Each structure stands twice: as structure tokens, then as C-alpha cells.
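Go by the hints and put chains B and C onto chain A.
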Amino acid sequence: MNSVTRLNVDRSELCLVEQAARGERDARRELFERHREAAYRVALRITGRHEDALDVVQDSFIKAFERLGDFQRAAGFKTWLLRIVTNRALDLLRARKVRLAVPLDAGDDEPRFELPACNDAEQPGAELEYRELAERLRQAVESLPPEQRAVFALYALGEMTYGQIAEAVGVPIGTVMSRLYHARRRLHRLLEDLAPSEAKVEDR
Amino acid sequence: MCAAIHDRFLRIFAVAVCVLLVHARADGEDKKGQSYDISVWAIRATKSNTQVSPELKPIAQELKKRFKYTGFKLERKKSGRAGEGKTLSTDLIAGFKAKVTPLERKGSRVKLKIEVTKREGGKDKRLAGTTFTITRGRFQLLGGWRIDPKSEDVLIVAVSAR
Amino acid sequence: MTMPDDKFDELLDHVAAGRLDDLTPEQVTSLDTHLNAAASSSERLADVVPEADSRLSVIAPTPTDAEWDGVWQRIDSAAPARESAPRVIGRTIRFWQPLAAAAACLLLLIVWRLSPVQVPPGWEMRLSDHVVVHEIEIFGDDCVFVAYSDNESGSAVIWVFEAEEAREGA
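Protein chains in written order, with numbering that gives the first Met the number 0: chain A, 0 to 203; chain B, 0 to 161; chain C, 0 to 169.
Next comes chain A alone, as it looks inside the complex (with noise of 0.2 Å):
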């Protein structure tokens, strides 16, 4: 677990929690309206699936703000939130009794599932590409054990520090390391016909 807690966190950010655990609206719109975007993508990547995704967002949320007391301000409120998402997605993950063909191990590199292949011929334009590679993505995610999916979702922000996804999965920062390379590894086999230059397309 990562035990370095610096506090170099936004300023106005810092305004907002306050203002927030005092109950004020405006204060809590603001955050909900900062983070929202983060926490969707995350839930996301856990869920796989768009409703899901919502409800864990709303959910947590909630949670979030009725938890700001206990809320310690040298941390990130951003990596706090996302540990609250985290959670939520892994339990309704649990909850939905998804089974997965994988092993739960994070040693075996082999892809188990066949993702549908993409046609060329089928591809009328870019919007229609970048859909079939984000839902390639997506059933390759999905086939990640929860322990990796949820580290992958939080690295594929693409903003967080090892030691974020650390204190946001609850894991030590080696742990994070193993389970990355782990999934990374498992994802670039099953992706391994998209070459880098064919997913220029950015995130939305």
C-alpha cells in the first residue's frame, strides 16, 4: 500500500470538499460535474455495459457524499471517488454471478475467448471503425479476471500514478505492477491484428 500521502492536491478542489461535506449543492454539482466523466470510463471498463456503468457512477456518488466526513483531505478526493466506483462495479459484477472462462490466477496468458473478427468490407466509415474497435476492446476487457480488470480500468485513464490505483484498488504498488502487465499482456494477444497505427482514434 502506498504510504506516501503528499498533499499536492488542487486547491480549489480542496474548497469544493469542504464545501461539499457541509452539504452545499453548488459545491457537489461541481465535483459530480469534474469526475463524473473518470468514474463512468472506469465503471465501464469493470461493468462492460453502458446502464451498468450509470448506476455505478450514481451509486457511488451518493456514497461519496455521504462519506465526505470521513474523507482524509491529504488524499486525492479523484482517487478516493475512484476507489468508492471500483468496488461498486467489482460487487455488481459479483452480483450479476458473471462467469467468466478465465482462471482467477494472474499467471496464465492465454486468451480463452475468440473475439469476432473485424470485416473490412463492412466498414462504411471512421465512426463505424472506432465503434468496432472500441467493442473489440471492450469483449477483450471483459475477459479479463476482476482483479485486472479493475487495475486496467483505472490505468487506462491514463492520468493515474501506480501509487493512485494503488490506494485505489487497495492493493500494495507491486501488486498493481504484476496485474497490469498481466492484463496488458493478455489484451495486446487477443488485439494483436489492430496494429498501433489502426487505433489513432482518441478517447470521447
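FYI, nobody ran anything at the bench for these hints, they're computed from the structure. Where hints are given, some of them may not hold.
Claimed, not checked - Derived list of chain A stretches under chain C, where covered just means 3 residues or more per stretch with a C-beta under 8 Å from a C-beta of chain C: (1) 131-141; (2) 149-158; (3) 176-187.
Stated by the list, open to error - Beta-carbon label-pair distances, calculated as ranges: (4) C/Arg18 to B/Ser52: 40 to 50 Å; (5) B/Gly94 to C/Ala65: 45 to 55 Å; (6) B/Ser88 to C/Ser76: 22 to 32 Å.
Here the structure is a predicted model, which means the values were calculated and not measured. Cβ atoms here follow ideal geometry from the backbone N, Cα and C, with glycine treated the same way.
Relative to chain A, chains B and C alone:
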């Protein structure tokens, strides 16, 4: 209404318990009315260097862990005495001033009130005030005000009493 | 599995430089074990952002504004808030709780009876432990918060963010 009465009852109960236990103590008890030794330090935190004043070395690591400042300079130290409920006022740096009022002393703990002001337009403008209980002889830090608009150095006030 | 320190450093350098994928599964397992056993070593990675991969970042379009509005309405209904407080010149935040005060009095006096008070010989800079903040008043638009240490000492720093800096940080 019931909640207010309940709350008031609990407060009276808490005070009564403390008073009874204090009176039950037979020896070595501090008496009210005695004066307190107070010490106030003005510290400059900076990102422009990594120098740490020798007196601040015991806490430098702790400060560096929590804040993004790398250098800590002891600008001024002031010690004095004040009676319980009386205020010791001292200039810090750059127009900042600290007013320390000892409120209570119980065993190894002391309760203090500190107010920080800054001289602006010929008047002492109030910035912040806080009341806290700490261990006697140890310091409490209060800070964050920019010392000079042209730099990122900030003021940290360290206060202690015994 | 044990690993020589210089080999460990070399692998850690790879990870810190964004070359996690260059390692073998066996090296990753060894590094994981070593990092979890040596917390100070894992701090080297604490501030490192893992290398990006564009193939793995593609995601379907995010919710529409209407969907977000719906989510917010449900959040707002479930966790009732109040309108922003009117600006005042000074604000007082009280932390004192009657039950906590009674318990603290009892505990302090019990400890006091059992141990002699020790007064330090001089003004030596040491932070107080078990800090209890009763009240904080701030003036103007400044924000204040109390940062407690992440160990069990209970030391704390009271920090003020001035209004101008709070706005700049937005």
C-alpha cells in the same frame, strides 16, 4: 427541543465529570492563574531551494512528505510568558502577527488559542484563528499564507506552550 | 524468490521508464514480491504513470448530457443538499463533541494519574501528537483544512488556502 436539552445535559455531564476528577487529584496538580511559557516561530517554506534551518531539521522530513516545499527557514523565534486567558502578541515577518492566548493546562496537555493577522492599510487584518489542545512543550503548525506576492514562499507559524 | 539488489534496480528502472512490457512473467513475479517486501522501493513507482497504449484506450462515446442530468437528479434526490451558504466575513467551524470531550477528559486524567508530567528542558522543535482542533475561524474567501499525519501519532497541520490561489488552481 429534546435534542437541544439532551445535548446540553451531555455537556454539563462532561464538565461535571472533569471537575470532579480534577478535585479528586491530591498532589502535583496545576493551579489556575499561573503563567504559561509560550514560544512562537515564523517559518518560511520555499520551493526555490532545499536549505533547512538546523532548528527545523527534526520536522523537515515530515514537512517535505506533506507539502511540495523543499526548503524551510526559521525566520524568527519569540518566547514570552502570559497568564491564563491573557494574550501574548508577537510580530512574525512581512507584517504578519500572531496572538497566542493560553486557555487551559491539564497534566501534559495545554489548550491554546492563536490568531494570525496581517498589517494592511495601517490595520491588522484578521486572517485566521484556531483553538486546539496539544502536548505541552510540543509545537502545532498553522500556515499557508503567501509571504510576498512575487514569490511562492509561504508562512508557517509554529506555536507551543507549557 | 530472492533477487540481487542490482538486478532488482535494473528491472525497476525498466518499469519506471515505461518498459513494463519488456519484462518476462518470471521477472514480474520476482519484482512484485520484492516491491511488496520493501515499501521504500515501491515508492519509486508511486509517482510514475504507467506507459500509455493507444490500442487499449479506445472507448465508446460517453453518456449524453440528458443522461448525465438524469444521473445528477437521482444523486441530488438521494443525498439532500442545501443551497450554497451566503458569504460571511468570518466562518466558525466547531469540532467539539460533548461525548468525545467527556471521554477525552477521563482518558487524559487517567493517564495523568498514572504517569508523571515531563516538561521538556528547552524549546526543541517537535510536533505535538494527539492534536485536538476545537475550532477554526477563517475570514474572507480563504479555505482551511486540517491535514493529519498518516501514522498513528495524531500530529496535524492546519493549512489555509488563500482565495486568490484557490481560484488560480481551478
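Hint-by-hint comparison with the structure:
1. Note: the segment 131-141 of chain A has 5 residues with beta-carbon separation from chain C under 8 Å; the three-residue rule is met and the coverage holds.
2. Three residues within the 8 Å Cβ limit are the bar, and the segment 149-158 of chain A against chain C gives 5, so the coverage statement holds.
3. Counting residues of the segment 176-187 of chain A whose beta carbon lies closer than 8 Å to any beta carbon of chain C gives 9, which meets the minimum of three for the stated coverage.
4. Checked against the hint of 40 to 50 Å, the C-beta distance between C/Arg18 and B/Ser52 comes to roughly 42 Å, which is consistent with it.
5. For the hinted restraint 45 to 55 Å between B/Gly94 and C/Ala65, the CB-CB distance of approximately 53 Å keeps it satisfied.
6. Range check, B/Ser88 to C/Ser76: Cβ separation about 51 Å, and the 22 to 32 Å hint is violated.
Checked against the numbered hints above, the structure violates only hint 6.
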